[in-house]
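> Protein sequence lines, in the order shown, are assigned to chains A and B.
To convert, count from 1 in the first sequence and add 9; that's this note's numbering.
To convert, count from 1 in the second sequence and add 6; that's this note's numbering.
Treat the hints with care, as some may be off.
Listed next, the stretches of chain A that the computed footprint assigns to chain B, with coverage defined by at least 3 CB atoms under 8 Å from CB atoms of chain B [said to hold, decoys possible]: (1) 13-26; (2) 127-134.
Distance condition first, Cα-Cα at most 25 Å in a straight line; then the derived BS3-like pairs of lysine-lysine [unchecked claim]: (3) A:116 with A:102; (4) B:248 with A:157; (5) A:157 with B:346; (6) A:217 with A:192; (7) B:248 with B:346; (8) A:31 with A:157.
Treat the hints as calculated values from the structure; they're not laboratory data.
For glycine and all other residues, C-beta sits at the position ideal for the given N, C-alpha and C.
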Amino acid sequence: MAKPFHFLTRLNLVELLGVRAKNARELLAGLEEVPGSCVYYHTHRFIQQHHYLSPEPPNDFAYWVTNALGQDALGERLASVDTVRFRSIASLKSAFLDILQTALAAKNGRSCDCQEGEEFHFMSCRTYILPTSYEAHNLREFREIVQKISIDSIYYHVFEARLRLEKGDNDFSDWFEAMGESKLARALSLVDPYTCTLEGLREMIVEKVSVYAQD
Amino acid sequence: MPRIKDYAPIVGSSTIEDLHLLAERLRGKTIQNINSTAVGGGVAEILSRMLPLLHDLGVDVSWDVIKGNEKFFNLTKKIHNALHGVAEIFKPGDLDYLVEVNRQNAKDVLRGADITFVHDPQPIALIEEKRSRGGQWIWRCHIDFTNPQPDVWDFLRPFIESYQAAVFSAPAFSRPLAIRQILISPSIDPLSDKNGEIPDDLVDSICARFGIDRKRPIVAQISRFDYLKDPIGVIRAYKMVKPHVDCQLVLAGGGATDDPEGAQVLAEVKHEAAGDPDIFVLFLPPGSDIEINALQRAADVVLQKSLKEGFGLTVAEALWKAKPVIASAVGGIPLQIAHKYSGILSHSIEGTAYYIKQLLNAPEYARGLGKNGREHIKNNFLITRHIREYLLLFLSLDAQEDIVRL
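Only chain A is shown next, with the shape it has when bound in the complex (with noise of 0.2 Å):
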């Protein structure tokens, strides 16, 4: 018998690290000395802040390249980095590096200048993890707690335990796998998170949990 599943919520503290860029050569620069943590936050920042909104998190890098620099080809090179295929920060952080090299390197290092005010800042966060009440011994107690949770429950779980606590997959997965329910553990791993809204991943999971919890 699996132990049972313990929720935990997080909370975030956004630091600024007074670390600046007004050019494609400065935001390389400023990424090459930041922490992962930093890395971290503007990749995942837009689902925190718009998860009610929009399916689609462009990392912030790539939407300031595109909306304050206009340089629509470098932005969309920074937006097609694909974070749901990195098992870590570090392989993250490279990929937009590599990128931001290739791009300067392919203009001698030239690079145009955004307006004064639109210059991007470096942030991370400090993230806080913390207990909830909720406890779930089987998939029926699963499903209910999943529809009543916060959404920075289900955003730990399945965001932070993959790719910033290197777990490699998400909390869910794990426990259905250890509850002998590999099938329902690899349709979850499947899912791309990235692409729904929070709310829209709630439901994806108490859709896939009810096709196999007994009522």
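The hints should help you fit chain B onto chain A, whose structure is shown.
Frame of chain A; chain B shown alone:
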């Protein structure tokens, strides 16, 4: 006063549960807030709303105000302006007066709290007492720090860097500093007199009391009478619109006890508005929150044409009431408005006039902006989010790691 549980229907019960969990972990710690005014202005307003809720959560938090004379507040107003990029001349020794007044206050105001939370530049030099009194110290900057005047920055910097952490309201205010910098946006209270639901007939009666005609379009800027809020620019934008749309302009606001310039600005505004019966210049006394609420709700378009802003909470107030807002892209305003999605960001008097006409003539579009704006404020700028981040800030002083298990 509302209790913390009263916010659950708006933000959800899990949000309130999180606050209780965090507050529990602060049991036994004392926290003292210090600023320079008890009434008027955004800082006093936020503290007066937040403290009862923190008490309700069981957090041992207090609030004290430093005392100063006219010379001190004239100096701190000049410092405020200079930090906002307005050229101010300081004679040798002028700035030292701030330190002198802080030293005079230290004995009476400091209580030896575990965490001393100092707001804005006025009491910043109290940090000199850190060595003798101990505890953890945080400096909270509520003002726009994008382009501070170099001599004022040089004066403040050593004080700031003596704190353990500095808190700013917008990313652009961040500067290279030797201490941790935290981003915490301010917030509005959806259950306050200023932002709570009020019946439409109360809005009618308040407008009638001021002589405002609700049958014709109303454009309003509800803000302190301060040069940096550009009330003259608002009147000029209105005058460009008036020949094309028969609208009214409401300029309403109060003053803060630490702002000696207010009366002078009000006089200039009245002079600029003279002769037009459709411009209403209303100086509201403290305690006019219901009137402000009603005027914002009566408005068809709300403006915030600031030249500089710490954050611009009046934008959040109007968006919470689902009003279409046209505001300058300064300070924290771009955090509240995504241009053409949850409001309009303007950069000039002419641009403001153009967008006023557009929104008055396209009410469906204007309604859509207001609706999106309210949703954005609900998710990011309500007092419960603010309380959560302050609790995390207090807890963060003991943590070094990026991921902390509480």
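> Each hint: holds or not?
Cross-check of the supplied hints:
Judged by the Cβ-Cβ criterion of 8 Å, the segment 13-26 of chain A is covered by chain B as claimed, because 8 of its residues qualify and three suffice. Given as covered by chain B, the segment 127-134 of chain A passes the check, having 5 residues with a CB less than 8 Å from a CB of that chain where 3 are the minimum. Of the supplied pair hints, the one linking residue 116 of chain A and residue 102 of chain A holds, its CA atoms being roughly 22 Å apart against a limit of 25 Å. For the proposed pair residue 248 of chain B and residue 157 of chain A, the alpha carbon gap of about 51 Å is over 25 Å, so the pair is violated.
Taking the CA atoms of residue 157 of chain A and residue 346 of chain B, the gap is near 33 Å; set against the 25 Å cutoff, the hint is violated. Pair hint residue 217 of chain A plus residue 192 of chain A holds up; C-alpha atoms about 10 Å apart against a cutoff of 25 Å. Restraint check for residue 248 of chain B and residue 346 of chain B: the C-alpha separation of about 23 Å stays at or below 25 Å, so the hint holds. For the suggested pair residue 31 of chain A and residue 157 of chain A, the alpha carbons sit about 43 Å apart, so the restraint of at most 25 Å is broken.
In summary, the structure is inconsistent with hints 4, 5, 8 from the numbered list given earlier, while agreeing with the others.
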